[in-house]
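Listed here are the chains, written in short residue letters.
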Amino acid sequence: MEALSGWWDDYFWGSVVVLQVFLASLVLMVIFGLIGAAAKLSSNRVAQKISGAYTVIFRGTPEILVILLLYFGSAITLTAIAQVFDPEIKFVDVPPFWAGTFAISLIVGSYATETFRGAFLGVKPGSIEAAYALGMSSVQVFFYVRVPEMWRLALPAFGNHMLSLVKDTALISIIGLNETLFVAKQAIATTGQPFTMYIVVGLIYLSVSTVITLTVMALEHYGNRHMRIAA
Amino acid sequence: MTNAQPLIQMKSVGKHFGDFQALKDINLSVSKGERIVVCGPSGSGKSTMIRCINRLERHDEGQIFIGEIELTDDLKDLNAVRREVGMVFQSFNLFPHMTIVKNLMLAQRLVRKTSKQEAHEVAMHYLERVKIPEQANKYPIQLSGGQQQRVAIARALCMKPEVMLFDEPTSALDPEMIHEVLDVMVDLAKDGMTMICVTHEMGFARSVADRVIFMDGGEILEQAPPEEFFGNPQRARTKLFLSQILQH
Amino acid sequence: MSFDLSLILDALPKMLMGIGLTFQLLILSGFLGLVLAILVMLMRISGTWWLSWPAQAYIYVLRGTPILVQIFIVYYGFPQLEFIRESFLWPVFRDPFGCAVVALTLNTAAYVSEILRGGVLGVDRGVLEAGEALGLSKSQRFIYLTTPIATRLALPAYGNDIISLLKSTALASTITLMEMTGIARTIVAQTYAPYEIFVSLAIVYMILTFLIQKLLARIERFLGRYTIRES
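Residue numbers (this note's numbering), protein chains in the order written: chain H, 1 to 231; chain C, 1001 to 1248; chain F, 2001 to 2231.
Keep in mind that a hint or two might mislead.
[Stated by the list, open to error] Below, computed lysine-lysine pairings styled on BS3-like, alpha-carbon distance capped at 27 Å:
| no. | chain 1 | residue 1 | chain 2 | residue 2 |
| --- | --- | --- | --- | --- |
| 1 | H | 49 | F | 2214 |
| 2 | C | 1113 | F | 2138 |
| 3 | F | 2138 | C | 1160 |
These aren't lab readings, by the way, just hints derived from the structure by calculation.
Work the whole structure out from these sequences, hints included.
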C-alpha cells in the first residue's frame, strides 16, 4: 500500500482526464445519436443508407480498431494536408484526447442511434393523435408529448451508453492518453506492484460508473413518476 | 367418498395481502358432484378463494380440506393434492412453446408418470371431448381464444381430477366465443363433474348450478339454489349486484 | 497520401493467420462464460441472500469496470500475488492466452447472467401457475417451462453479447497475443499504413459479425416458431 503514496496526485489528474473525456464524448455521442436517428427516420433514402452503414460499421468493428485507426489515420491525413501548405512540416501530431474522444463517441453514438430511433417510434401514436385532436400544433406536440415520452423510453439504454463511454475511456490509454490506466503503467514501472496499481484503476472506474448509475436511476424514478399507481 | 365426507371443506378461512383482508371467515363445503357458481364484484375475493383451494394462494386463517387432507405448510406432497384439483384460468395460460397435444401430455407424463403412448391417447380423447382434435399439432397462438380455453379445460381433465375450478374462464373471450366454452362446461356438469366456477355468466349459473354464492368484501354474503338466488335475493347488496349485471 | 491496394493484398493473409486464435478466444470464453453466467444467474435469483448477494456484487464490479482493466489485472496483476503463483492455476495465469480467456469469461458472464435473468423474469407468471396447478414440481416447472421460454426471450440480447465478445477478443492484442488485431498492429508499426491495414481488418470483423448475426437469426427463428400465428 505504501507503494501508492507517491501516486495519488497522478491518479487524481488521471481521473480528471477520465471525466473530461466523459463529458466531451457525452455531448458528441448525443449529437451523433440524434443525427443518426433522424437520418434513419427520414424519408430520404440516401440519409437512411448512410445512417444504416454508420451503425453497421461501428457496431461491427472492435473499439480498439476504431481508436487506432482514427488516431494514426487522422495524423497521416492531417500531415498530408499540412504538407500541401508547408512542405517543411514532417508530422502533425493529433492529441490522443481528441482522437480517442471522437472515436468512442462515434462508436457509442452508433448504439445511441438505435436507442433514439426506437424511443421515437415507441411513443404511442394514440397520445400524439389525441394531442392533435385537442388542437395542439406540431411544435407543441413535439415538445410536450413526444420529447418527454421519448426521453422516458430512451433513458435506461442511454444510461448504459454513458457507462460504455466511461469504460471505453480506458481504451484510449493505448494511444497514450494520460488517464488512470496510463498512470498505473508508469507507477508499475517504478514500484513493480501491478496488482495494487490496476486495482486502484478499477476502483476509480467503478466509482465513476456508480455515480452515473445512481444518477440514471434517480432520473428514471422521476421520469416514471406517472407510471406508479400509489404515490 | 360418500356424501358424509365433503370433497372440499373451508372452515373460517381468512387471507390477508398486507393490510388488505382478501378473505374473511369463509365457510364452504362442496360435496362430490356439486356444481357451484361464485359471483360478486371485482375485488370481492372470489378468485382468491378458489386459488386457495389448490394453494396457488396460502390462506392464513382457518382450515381447508381436500378430501381428508388438510392444506398446510407441512403438507409433504402438495402436488398429489393438486393433481386431483383441475384449474382453468381467465387467461388460458397454455404453455406457449408446446403444441396442443404436448400441452395435454406434459403433466400426465411428469406428475402421473403415464407412458408416452397412454398420455397421447388420453390427450386425444379429451381433445375430442372439447371438439378440437384437429388442432392437436398446432401451437397455442395459432388457435382462437375460445379454442385455447377449451384446450386448457382438456389439459386439466387429462389429469382426471376430482374437482374442477374455473376462474372467470370466459372473461377474456370475445362474445362470440363465450358459448363454445360454456357448452363444454355444461357438458362437463352433465357428466357429474364437481365444479366451482367463478363467473358472471348468469345463464350458465341458472341452468347448471346447484348453488350460487355471492361474495363481496372477502365474505360470502349469500348462497342459495339458483331459483332462489335470482328470484328472491335476501341481501341488499346481492340485489344491487344482480340489477347491475342483469340490466343489459 | 494514397490507398495502397497491394499492401492490403499482402497484409490480409497475414492478418487472417490470426483468425484461428480469435475464434479460440471467442468460442472458449463464450462457452465458459455461458456456463458461469448460468451459475451466477441461478445464485442471483435463488432468493437466498448469501448466494444472491455475491452474485450481485460480482455483476456490479465486472460491469462497472473497463474490460481492459480486467485483462491487465489478470495478466499483469495476478502474478504479483503469492497465492496465485503457488496455486495449481499458475500455468493458466502465466500464459497470456489463459489470462485472456479468464478475463473475457469473467467479463461476458456478468453481462450474460443479467440477460438470462431478464429472460427468466420475462416468463409469463400465468404459465408457471398453470404448471403449478397441474401438479408440476418447482424443478419440473423450471426445466420444462421456464428454461425453454426464457431461452427464446434471452436470445436476441445474448446474440448482441456474443458480438461484443468478438470485439473484445481484439483486446487480447494488448497482452501480446497475436490474434488478428495483434498482427495488424505489428504490420502497421512496420509499414505505417493504418488506413489500409485497419480498414481491411475492420471489414473482416464486420463479416464475422454479419455471419454470427445470420446464425443467431436462424436459431431465433427456430426457437420462435411457436410465436407465429400462421403455421
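Results of checking the hints against the structure:
{"no.": "1", "hint": "H:49 with F:2214", "result": "holds (20 Å)"}
{"no.": "2", "hint": "C:1113 with F:2138", "result": "holds (16 Å)"}
{"no.": "3", "hint": "F:2138 with C:1160", "result": "holds (21 Å)"}
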